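Q: Note that the protein sequences, when read in sequence, are chains W and B. The first sequence begins at 1 in my numbering and counts up one residue at a time. The second sequence begins at 10001 in my numbering and counts up one residue at a time.
Worth flagging that the hints you see were computed from the coordinates, not collected in a lab. Quick caveat, the model's predicted, so the values are computed rather than measured. One thing to keep in mind: the hints can contain errors.
[To be verified] Some chain W residues close to chain B (C-beta under 10 Å, calculated; not the full set):
hint : residue
1    : I3
2    : H5
3    : A24
4    : G32
5    : D35
6    : F38
7    : E39
8    : Y41
9    : F43
10   : R57
11   : A59
12   : K64
13   : W65
14   : F78
[Unchecked claim] Derived pair list, reagent style DSS-like, types lysine-lysine, alpha-carbon separation capped at 30 Å:
hint : chain 1 : residue 1 : chain 2 : residue 2
15   : B       : K10485    : W       : K94
16   : B       : K10485    : W       : K98
17   : W       : K64       : B       : K10680
18   : W       : K64       : W       : K99
19   : B       : K10430    : W       : K98
20   : W       : K99       : B       : K10485
21   : W       : K64       : B       : K10897
22   : B       : K10758    : W       : K64
23   : W       : K99       : B       : K10490
24   : B       : K10430    : W       : K99
C-beta atoms are modelled at their ideal positions from N, C-alpha and C, and glycine is treated no differently.
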Amino acid sequence: MLILHCPYCGIDAEETELHAGGEAHLTRFGPGSSDDDFEGYLFMRENPRGVHFERWRHANGCGKWFHAARCTNTLEVFGTYSAQTTEPPEEIRKILAKKRPGWTWRDLK
Amino acid sequence: MSTRLATGGRLIDRSKAQAFTFNGKRFKGYAGDTLASALLGEDQMLMGRSFKYHRPRGVVASGAEEPNALVNLGKGTAHEPNARATTTELFDGLAATSQNHWPSLEFDVGAVNTHLSRFLPAGFYYKMFIHPRPLWKHVYEPFIRQSAGLGRAPDPETRDPDTYEHFYAFVDVLVIGGGVAGLQAAKAAGDAGAKVLLIEQNAHWGGRAPVDGGSIDGQAPEAWIDETLSALQAMPNVTVRSRTMGAGVYDHGYVLGYERLTDHAPQMDGPRHRLWRIRAAQIVTATGAIERPLSFAGNDIPGVMLASAVRDYVVNYGVVPGDRTVVVTNNDDAYRTALALKAAGLAVPAIIDARPNGGGALMQAARDQGIRVEVGRGIAKVKGGKRVSSVYMCDQAGSGAMLEEIPCDVVAMSGGWSPVVHLWSHCGGKLTWDDEQAFFRPDADRAPTGADGAAFVSVAGSANGHMGLAQGILDGDAVGKAAAKMAGFKPKRTKAPEAVSEDEAALVPVWLMPQGASRDLRAKAWLDYQNDVKVSDVQLAAREGFESVEHTKRYTTLGMATDQGKLSNINGLATLSNALNEAIPQVGTTTFRPPYTPISMGAIGGEARGDVFQPIRRTPIHEWHETNGAHWEPVGHWRRPYCFQRAGESVHDAVNREIKATRDSLGLLDASTLGKIIVKGPDAGRFLDMMYTNMMSTLPIGKCRYGLMCTENGFLTDDGVVARLDEDTWLCHTTTGGADRIHGHMEEWLQTEWWDWKVWTVNATEQYAQIAVVGPNARKLLEKLGGMDVSKETLPFMQWADGTLGGIQARVFRISFSGELSYEIAVPANQGRAFWDMLMEQGAEWNATPYGTEALHVMRAEKGFIMIGDETDGTIIPQDLGLHWALSKKKEDYLGKRAQQRSHMTDPNRWQLVGLETLDGSVLPDGAYAAADGTNDNGQRNTQGRVTSSYYSPTLDKGIAMGLVLNGPDRMGEVISFIKEDGETEMKATIVSPVFYDPEGEKQNV
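Pulled out of the complex, with its shape left as it was, chain W reads as follows:
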């Protein structure tokens, strides 16, 4: 029963208000892409013990999608941010550098 801050409507929402949407920052591959690229996009997911980036929807609230950076191990939430970005914003990276020096995730660090 996590609590995440919805960056759109500004409230701390309990998990029952939220809908989990899996991994964040996937790059879509469509027609013309290689089998490997398409497989990676459609099926291959990170399953880290530690820093992770996820998509959430404030389903029983404002209905907006947002992103969360959190630790799957300690359940610490580093921050939530707009879903309309292809990578974590600078302020989230700063928090991670401080709290989890040396963190890596896919090709981010």
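Once you have looked at the hints, place chain B on chain W.
A: Showing chain B alone in chain W's frame:
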């Protein structure tokens, strides 16, 4: 014999006698008794039979950890199995029965298992019943299921007459456990100004302190407890609740509390149980400790009890479990039991202390009372059947040679104490092994952490490994202050209360008694009473290679019963670590999972039952349906009429009548539940081209187009008719169950992938009532209503128009899901009922007949139209259904296009949609498989297709079906065999076109 003393019992009220029954026999107890204390007071030591060997079992404990005294409570609709007699408060009229025996508690046929125990070792069922395989399903499993299980579940047809509710609470500091440490922690946090909730699972406060003695700030513990509780109750920022258990601790400070409101007083009004859903910034668990049994032969014979429990029964209830009590211990605390018995005037023939040098001040006190103390000794075995008759004393260091037989009827045992670390562990708190005190205690450096990365659970008192009154109260004060500080408050600089209790000498861990016990003795030394696991079983598991504690647990079932191993876990893993020659911390513990003790399903459900279990969505015409014979069918959250049954008519007949009336003249369908999503904006056309497999951007204004939606993995997810309303607005119809899901699907792509596209979506499903007017006389009815031109020329097939009909504003779509001349008419929701009534009234001359979802299904199947959820199941692509015409070849991209190019999707051997007609006109079973030659690797018949929809068609007077068949479209006219539900009988069917009715489409296009 066990009996009630003439005086004493701090919790009972002797002026209030309470009559109750056990197995139909009448007994008497007092207000304040538990069922267990009342039974003991009436010399009913035998309370149950064990799970595997059906051994006679008496009560062992006095609290939530009780493994043996499980009973059925109540009768009929209020029946509840597996209630612990030790936590069941007595009330007048209580009716309990014992469990797991046949024919009676006193004489149980299943007890023969105890003599077969040599042949029923750990893993017996796994080893014995694996061969021959077919016997498992028909012989072994039914037999084992019959003889297994503790209580009986209530009859599934009965309904629980009680009510339940949920409570929500948000606090700064939650304190779980109302012993002295918990009380002091709550006081310290409350004094700091924090909003505090203090919960205690029992009806009484103060935990063990009133029984164990000592003094707090110069007062008796009971006086201090009363004073502190009154102070807490007077504080506006503090809430206290007894009979409320902390059931589980979850992520980010979420806690479930379980309050039992009327279990002890069934005549009271209101809910029976209440589930507290608590969010706390900081949680203090002050859950105390549980005494451990000792492992010696015969330690499960009725009369062998925990030393602390014997003391509880004497002090709290004025009940003595027997006349002569032998105390056996490895620590000082158990001496308190001997002293309490002595003070009550009872005989204590001996204290058998396994420690070579015995104990300290408490041992001296016992000796001063004239009690015989034997040090360095143990119990070789307990003699007795349904009751202890004597113990064989031996040297603890030896192998069990008897030194002396000591007659007695109670054995009070103590193997030391284990902190209750369950709640700490639920959300990831780690443990550390305390070598000196021989128990696991919370490791404060590895606490459960919250959203901010800081610890949100702390532990106080004996749960934290601080045993004894003085240490416990100090710890409670410190932890309460620290929790308030973590929650953002400033604790006061007050001094903790000063408590005094006797110093205790160190214990010596004893995991087996005697140390070198022979195989025979070990095979009678119980670890887990409830699941009948013995020392020899765990040792066998270790020999057979089950080295992980989690594997050993599952192999032997140690700790897997309803008590979740509260007494057995530590002894079990110490036994395992000895067998593996490893240190206890290396072996580790099994995982502690919520709830702490079982909670009722009713409490979990709360108010959500019956009519309020789930909200029902109603169309504006719902009430009309209800008063006109609707046979309801749930569709999503809606209820839709399956058909409208007339008096004396079967459901089947009603469906056929509705179809015939529609095809012959005029039918009406309430289609309001269809999803209606408005998609608007400069990029709306581009967006819909991605959402649908068809091209939607080129749809002319005023026209309709049937569209398919796929998910990104290529599979069909929804379908419906799209209408273009104006230059930048489209109206997308979805399936009834799909409206919210498809709206969410659109929003997801708009918000997370194409967020720079200018598109706005609105789910307008409930803004309109929509009615399908269907049949050869449909146009005549609309013309009669008047207001707009609905002629073939002005409003041809697959177009729409706005206007009025009978004075009501309407949007009319010329679309057909039945193959007939058909108009779907959307009117504002608040006009829906009026419009429906008008259609029924004005359509009477054409026998206007309302029809339900089954007629809709049959008519669409007669036309070969697919239905999402029938022809599709999440693994079907449009190409499987012959819908190539709906896949745009002009578009570079749409959701699912890339996936549909994957090798398995383009495999020519994917099953394809065809129609199916049985040779004799009968109806194929829905879902039946078509058999192919040969068998697969599992020996099952090979298959070459399956039925996806199957109906009796009244129009054609025969069974019609659709199905997916290997190379189906190339095999028209071929006869294949389908297998009926019995798995053997074959039905032959011809492969035909899926369009059974009006293949040229002449009827809908008039």
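Q: So, W/F43 near chain B? Judge it on the closest CB pair being under 10 Å.
A: Cβ of W/F43 sits 9 Å from chain B, so the hint holds.
Q: Sort out whether W/K99 lies within 30 Å of W/K64, counting only the CA atoms.
A: Distance ~28 Å between W/K64 and W/K99 Cα, so the pair holds.
Q: For the hint on W/Y41, does the least C-beta distance to chain B fall short of 10 Å?
A: Since chain B brings a Cβ to about 8 Å from W/Y41, closer than 10 Å, the hint holds.
Q: Hey, does the W/I3 contact hint survive, CB to chain B under 10 Å?
A: The hint holds - W/I3 has a Cβ within 10 Å of chain B, the shortest such distance being about 5 Å.
Q: Taking only the CA atoms, is the gap from B/K10758 to W/K64 under or equal to 30 Å?
A: holds (16 Å)
Q: Below or equal to 30 Å on CA atoms is what counts here, so check W/K99 against B/K10490.
A: holds (27 Å)
Q: Report holds or violated for the interface hint on W/F78, using the least CB-CB distance to chain B and a cut-off of 10 Å.
A: holds (9 Å)
Q: Run the distance test for B/K10430 versus W/K99: straight-line Cα separation, threshold 30 Å.
A: holds (21 Å)
Q: Against chain B, with CB atoms and a cut of 10 Å, does the hint on W/A24 hold up?
A: holds (9 Å)
Q: B/K10485 and W/K94 were given as a pair; does the straight-line alpha-carbon distance stay at or below 30 Å?
A: The hint holds at about 28 Å.
Q: A closest beta-carbon separation below 10 Å is what the hint needs, so does W/A59 meet it against chain B?
A: Check passed: Cβ of W/A59 comes within 8 Å of chain B, closer than 10 Å.
Q: Would you check whether W/G32 satisfies its interface hint, that is, whether its CB is within less than 10 Å of any CB in chain B?
A: Since the shortest Cβ distance to chain B is 8 Å, the answer is holds.
Of the numbered hints given earlier, the model fails none.
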